[in-house]
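Construct the complete structure from the given sequences, taking the supplied hints into account.
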Amino acid sequence: MDPKKREKAHHKMMREIEDDARDTGTWTGRSRFSDSTMAAMAAVQRHLFVDDDIQIAAYVNRPQRIGHGQTISQPYIVALMTDFLDLTGSEKVLEIGTGSGYQAAVLAEVLKQGRVFTIEIVEPLAKMAAKRLRELDYDNVTVRHGDGYKGWPEEAPFDAVIVTAAPETIPEALVEQLKPGGRMIVPIGRAHDRQTLTLVRKDAAGQVTVDKVLPVAFVPMVKDRN
1 MDPKKREKAH HKMMREIEDD ARDTGTWTGR SRFSDSTMAA MAAVQRHLFV
51 DDDIQIAAYV NRPQRIGHGQ TISQPYIVAL MTDFLDLTGS EKVLEIGTGS
101 GYQAAVLAEV LKQGRVFTIE IVEPLAKMAA KRLRELDYDN VTVRHGDGYK
151 GWPEEAPFDA VIVTAAPETI PEALVEQLKP GGRMIVPIGR AHDRQTLTLV
201 RKDAAGQVTV DKVLPVAFVP MVKDRN
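Residue numbers (our numbering): 1 to 226.
By construction, these hints were calculated from the structure, which means they are not laboratory data. For glycine and all other residues, C-beta sits at the position ideal for the given N, C-alpha and C. Each hint should be verified, as a subset may be incorrect.
Cβ-Cβ distance ranges computed for the label pairs, FRET-style [unchecked claim]: (1) Asp53 <-> Pro180: 29 to 35 angstroms; (2) Asp211 <-> Glu123: 22 to 28 angstroms; (3) Gln207 <-> His47: 39 to 45 angstroms; (4) Arg32 <-> Val210: 33 to 39 angstroms; (5) Val208 <-> Gln113: 26 to 32 angstroms; (6) Glu154 <-> Val208: 19 to 25 angstroms; (7) Lys127 <-> Pro180: 31 to 37 angstroms; (8) Arg190 <-> Arg62: 17 to 23 angstroms; (9) Pro215 <-> Arg144: 17 to 23 angstroms; (10) Lys212 <-> Arg144: 27 to 33 angstroms; (11) Arg62 <-> Glu123: 23 to 29 angstroms; (12) Gln113 <-> Pro215: 16 to 22 angstroms; (13) Asp137 <-> Val208: 34 to 40 angstroms.
Structure, rendered in structure tokens:
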């Protein structure tokens, strides 16, 4: 795509994210996302995270296929989930479902003084994302190939957890690895059925509360069968 057309498409995507935030504000309670979230969405070049044959659709505000039955999430949803973590910039965040690395890159832009640990169960995607993020100088992101249901216990606890594929129930290991005072955003539900973006909060005493945010549609979260 011509660079000027790409820049125009990126600006259009940003306006659509703002519009979607306003339109869903009664559901989410957030009719406007933080400056840090929007700055990160503006900074990350989404066309670098999709295949060459769909470059023309890179900045369309919808999910795109990235192979292996996985998708790169809709930009509005990436912004929404990022915003719900309420990051200040120095946290340690666990992401489940690296995919192409786009969400990890957005988190890395917010976490200038923090770190992202991201797990992908599909090994070719994990390798590709790690290479891409390294080439783009996101040196505050560490990628692992593994089972997201197990989390990353040796790096726990985490200030925040973000899950970009849908388990049927909230994975207990991820709740355990969440720091007191932390929060997790995760879509819950069966594949091809009703799913709900869900906010999980753990208070200072370790008590957990769960709130429904928005109906969504994600690929299922896959377990390691070995």
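Exercise for review: If any of the earlier hints don't hold here, list their numbers in rising order.
Suggested key: Hints 1, 2, 4, 9 and 12 contradicted; others consistent.
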